[in-house]
Amino acid sequence: MLVPVSAEGLPAESTTTVVIGAGLPGLAVASELSRRGVRPIVVEGLGGARPPAAPPCSIMTDPVSLTERSELLRLLQGYAASRCLDVRRSTFARQVSLVPGIGMPVPESGPEGARRQWRIQTDRSVLLADTVVLTGCPQSQIRRFLRGLGLRLGADIAATLRNLGLYLVGMAGLLTPTTREIVREAKMVGGAIAGGRPWPA
12 MLVPVSAEGL PAESTTTVVI GAGLPGLAVA SELSRRGVRP IVVEGLGGAR
62 PPAAPPCSIM TDPVSLTERS ELLRLLQGYA ASRCLDVRRS TFARQVSLVP
112 GIGMPVPESG PEGARRQWRI QTDRSVLLAD TVVLTGCPQS QIRRFLRGLG
162 LRLGADIAAT LRNLGLYLVG MAGLLTPTTR EIVREAKMVG GAIAGGRPWP
212 A
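Position in the sequence shown counted from 1, then plus 11, gives you this note's numbering.
Any given hint could turn out to be false.
Derived CB-CB ranges, DEER-like [stated by the list, open to error]:
1. E79 with P149: 36 to 46 Å
2. E82 with G20: 37 to 47 Å
3. R50 with L21: 20 to 30 Å
It should be emphasised that the hints constitute simulated quantities derived from the structure, not laboratory data. Computed from a predicted model, the values in this text were never measured in an experiment. Here a beta-carbon is modelled for each residue, glycine too, at the ideal position from N, C-alpha and C.
Throw the hints in and build the complete structure from the sequences for me.
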């Protein structure tokens with residue numbers, strides 16, 4: 012839904028969910044959300060740089076795993092095209108911030124009754140969303156991003172993120188998540204967002 016032009020002079024849109032990352036994890040989440048009646052907007056990776064096809068240390072080196080991943084990506088791209096999912100491959104998330112929302116329900120952990128909303132600035136528009144899904148980012152980039160939001164990295168960080176409407180899928184550490192792990196995470200996140208329930212720990 013279109014809303015007034017942002018302070019930067021960019022057009023602004025309001026949506027339920029923005030998925031950041033248009034690779035396999037992002038398309039898996041978008042497809043799962045679509046099956047559950049949620050129409051996300053998918054943009055390219057955080058900070059404007061496409062992640063490498065695979066990190067230097069990867070468990071996806073055997074031909075069977077690589078073929079499985081390639082086939083799943085092809086199927087997800089076909090599903091996205093057939094369902095006209097809003098996948099913006101040439102649009103990058105330049106800045107993601109958490110801002111107070113107006114007239115929205117109060118989350119369990121909201122400060123003094125204020126619901127927070129996500130603001131995703133791209134080079135073409137500003138997206139306002141209730142939830143954000145970050146996909147396929149290296150853990151070091153995620154840590155910098157969370158520190159930039161002023162969040163402490165503690166034992167309860169997963170619960171804190173869920174209460175803020177932020178979900179992580181396919182995060183790459185030293186090893187790339189398996190295709191099965193990505194699909195499992197996408198289903199869990201899709202269920203949590205579509206059902207409005209916290210993601211199980």
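Tested hints:
Checked against the hint of 36 to 46 Å, the C-beta distance between E79 and P149 comes to roughly 22 Å, which is inconsistent with it. Restraint check, E82 to G20: a C-beta distance of roughly 43 Å satisfies the suggested window 37 to 47 Å. The supplied range of 20 to 30 Å is met by R50 and L21, whose beta-carbon atoms lie about 21 Å from each other.
When the structure is compared with the earlier hints, a violation turns up for hint 1 alone.
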